[in-house]
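Undergrad: Based on the sequences and whatever the hints tell you, model everything.
Protein sequence lines correspond, in order, to chains A and B. So the working numbering is basically just the index in the first sequence, starting at one, shifted up by 186. So the working numbering is basically just the index in the second sequence, starting at one, shifted up by 9.
Check each hint, because a few of them may be wrong.
Some chain A residues judged to face chain B by a derived CB distance under 10 Å, without partners named [claimed, not checked]: (1) G235; (2) Y283; (3) E377.
FYI, nobody ran anything at the bench for these hints, they're computed from the structure. Here the structure is a predicted model, which is why all the values come from computation and not from measurement. Ideal Cβ placement from N, Cα and C applies to all residues, glycine included.
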Amino acid sequence: MIEAIDVSKSFDGIKAVDQITATIKEGNVFGLVGTNGAGKSTFLRMMSGILKPDSGQIKLDGMEVYENVAAKERFYYISDEQYFFPNATPKDMREFYRGIYKNFDVDRFNKLIGQFELDLNRKINTFSKGMKKQVSVICGICANTKYLFCDETFDGLDPVMRQAVKSIFAKELAEREMTPIIASHNLRELEDICDRVGLLHKGGILLSKDLYDMKCSIHKVQCVFQADDPVDTIDQELNLVKKEQRGSLYTFTARGDCEEITAILQKRNPVFLEILPLSLEEIFISETEVVGYDIKKLIV
Amino acid sequence: MISKNLLCKLMKEDGKRRIWSLAISFLVFVFLLPIYVATSLEQAVRYLEDGMTAQDKHWILIQTATKCFGPRNTSIAFITILLAVICGITGFMYLQSKRKVDFYHSLPVKRKELFVSSYVNGLLIYVIPYVIMLGISFVIAAANQAYDGSVWMTAWKTFGINVLGYCIAYSVVIIAVMLTGQLIVSLLACAVFFGYAPMVVLLGRELGSKYFTNYYYQSSVYDSFIFKLSPISSYSYLTRGVSKDNLSGVAVLLYLVVAVALFALALFLNNRRKSDAAGKAISYPKLQPIIKTFVCVPVGLISGIIFTSLTDTNTSFWLIFGMVCGYLLCSFIMEIIYHFDFKAALKSKLQLLIGAVFMFVIFFTFKFDLLHYDTYIPGKNSIETMSISFMELENNHDYRVYDVDNDSFLYMNSTEYANRFMRIKNLDIAYEIGKIAASEEYAVMEEDYSRNKKWVTMTVQYRLRSGRKVNRRYEIMLDPIVDLMDQLYVSDEYKEGIFLIYQMKEANSISCYNRFQNLDLTLSAEERAQLLALYKEELTSLSITDIKAAAPIATIVFRDAYVDREEYIYPTFTKTMTFLTDHGFDFTKTFDLEQVSEVELEYTVPYNLRDQEKYQQYAESHPEMPYDITLNLTKKEEIEQILPYLVESSYAWNNGVLLNYDTYLSITVTTKTDEYGNVDKNQYSIPYDKIPDFVKEAILYAEPDEY
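TA: Rendered as structure tokens:
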């Protein structure tokens, strides 16, 4: 289990991470989502022991991470721009990691390199961005660590490879309860893989929930009401996150149980009522809007 | 505790990535050792002659090998510093890249383990090629019969010192990398670490000589310490020590401690360095204002000095203008570097102001002598010994001392010689002279330079009981101190610091000459010793009164295995003269009037008299040489009025301050040397009061009291 307790980090007086408290349980795929500059990478770099929090603690299985080899042996960190030694081949990297991680699985590495149709002896600096990502993911998987920290790892992978990686993650999860923690701004990438999501915004954590719970606790409903219905009073009846109106068609995003929301609206005897599926992206936008992040300014 | 296994793994991987540094190191050491040894020995063999003994040949070869393996192979020193910079930068440059920092610092390896592995590799990159090439070079030397224990010893001693120098420079480079976050800034930091301390010492010297009237620089313990804060100066000190074979074990131990301390500091900075410092100019933001102030203040002061030199003026305006420009420019550049933003140039205005105040405080301290440098003299009770030298007195000596230990000559001036060999313990007279000089009451004024006033340039060194040395140089009028000078002059403590003859223990040969004869004396060892002792005894008794009374009548030359010492024989040296007369030197010989064909007198009109009417008229009628009035005497009755009073012009110059010779008047005596018309011309001077009236009239001579 990874615990972040009241963790803060500033760069040149600017708070990148502000008093985050979160718990990441093992055996889940944890998605760390947030806008650009939300502090995802910083949080992940603190979890990896690269950065030392200005205040607060980050514990990995009860151990402080920073400068703690025992804690660091339990994870592998894939940065958004993974570094490979100059002129190194996948084989060179394999040999390096083999010396560093006790349980590095050489056979698995060779097998995965083959599966991804990568050349073991070709210099990595001649690989494409996506191929480099594949090498870094393979290294991470084969390090056989309990946790795998991925920073924007799926960015740059083509859909086929993305699915392949996801399936490897799923297999690892099933076989040895590996816990990947994936930071991404692309919610669609996480939607089908994460069990739990932590939503970061402006350095703070907005929410940290099971994806299933999250999806169940916020809903989008489209309604057309009777002409004489006082629609404005709905604000008091529903825990609204968002309300939109196009002509007589209302779209509500509200927190709460799906059946309760439906029951409240049904009481008004609407002409039309439909529960719409809410994507993780919409949940993210709604949640950030609630705390004042004007997403519309970014969407032209 | 670092696991050996992990350390080896890390070193192996680090080594793979630094293979090119190792290749460079191998390449340069191939040239610096085996190739250099082989070519040097080949050259040496070419110079071996058939007539040489086997011992001489062996000696030449061993000397050549010693030169190649020892500290005189200065290319190794240069490469040592260069490799220290290359290895220090390349080994730790990963800290300046976010990608690399993320990679290395996320690994289950402690930062100190990464540091140690990289540090050791950097050391091995230097040491391994050096040792291997040393081994190959030994084989080459042995094959040329140029190898023995002394060569082996020299090579390893030099190796040890080079490795020590490398470690110091290497650690300093690493510290520079640790304190910075960008390659260019790291290189600048290296330049600052390497050059800052000598620059500060030189700046202090420059400001001292510019603003203190009585400034005299002699390297002090403090200066020497500051100078050695630069790794290059320290390394240079170590190699010089090995070269002269006078490097003490304590010094080596001290430098070992320094090397370990620098390693510890680099490690500490490595452990404390934040990973997010990568890409920033300075990794410890709190140091930014301190570094900026410490760099910009001396740069501002240097800039002021450069401006005054460029404008060839000595006005404060250009100096202050230069200081302000240099300081501001340096501050702006540093702020731009700190923030990588041109708009940041004017940031930190308060810091800018504080630094400027600091700079002006230093400037005004020198400019207005706020610390009373010029008038300070130490308390008499705190002084152990003193030395005093007068530039215008006895300045004919060639202060060249043979250093037996280093088989070389030490060249110095009279002041350096006095500071080295004069130990005045009876302080009364010397201290009184120092006190008068420091009072500034009799300091030479600007107008005194152009007048025919007599003044001396005097350098005083006070050696305090605390070990500190206080040096001052004064320009002071002669009259107020001449009596004290006379008393000082007769003391053996003073003379031993002026006359080199006191250093000579025995003379291998002695000769004596003047303008009329030159005699190589044929003397036994006992006689030579006797003459040397006689001469020293009479020289010790020589007073300024004696010097004023009569000019020397000959020069005696004592030679030992290394140097010739030429000293005057004054008429008061009766015992010496008797000895020399007994051995064939004729002191009665003088000019033969029959042989003198001409006496030419050339009077250069003093500058401050040239606007007088008589000189103006002369100048108009003699436009080719307007202010050099010449008179040629060929009549015997005229010549004989001059000849008895002539002294060699070199002597008149050497002790001119004490004597009444007019240096504006030069006299050339032409004498016939044979019947074929060959002549000899020599320069002479004459005392003021012995110039005949007809000469004065002809050359429009002005008496000294006229100007």
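Undergrad: All the hints need checking, so say for each whether the structure fits it.
TA: Each hint tested on the structure:
no. : hint : verdict
1   : G235 : holds, 7 Å
2   : Y283 : holds, 9 Å
3   : E377 : violated, 27 Å
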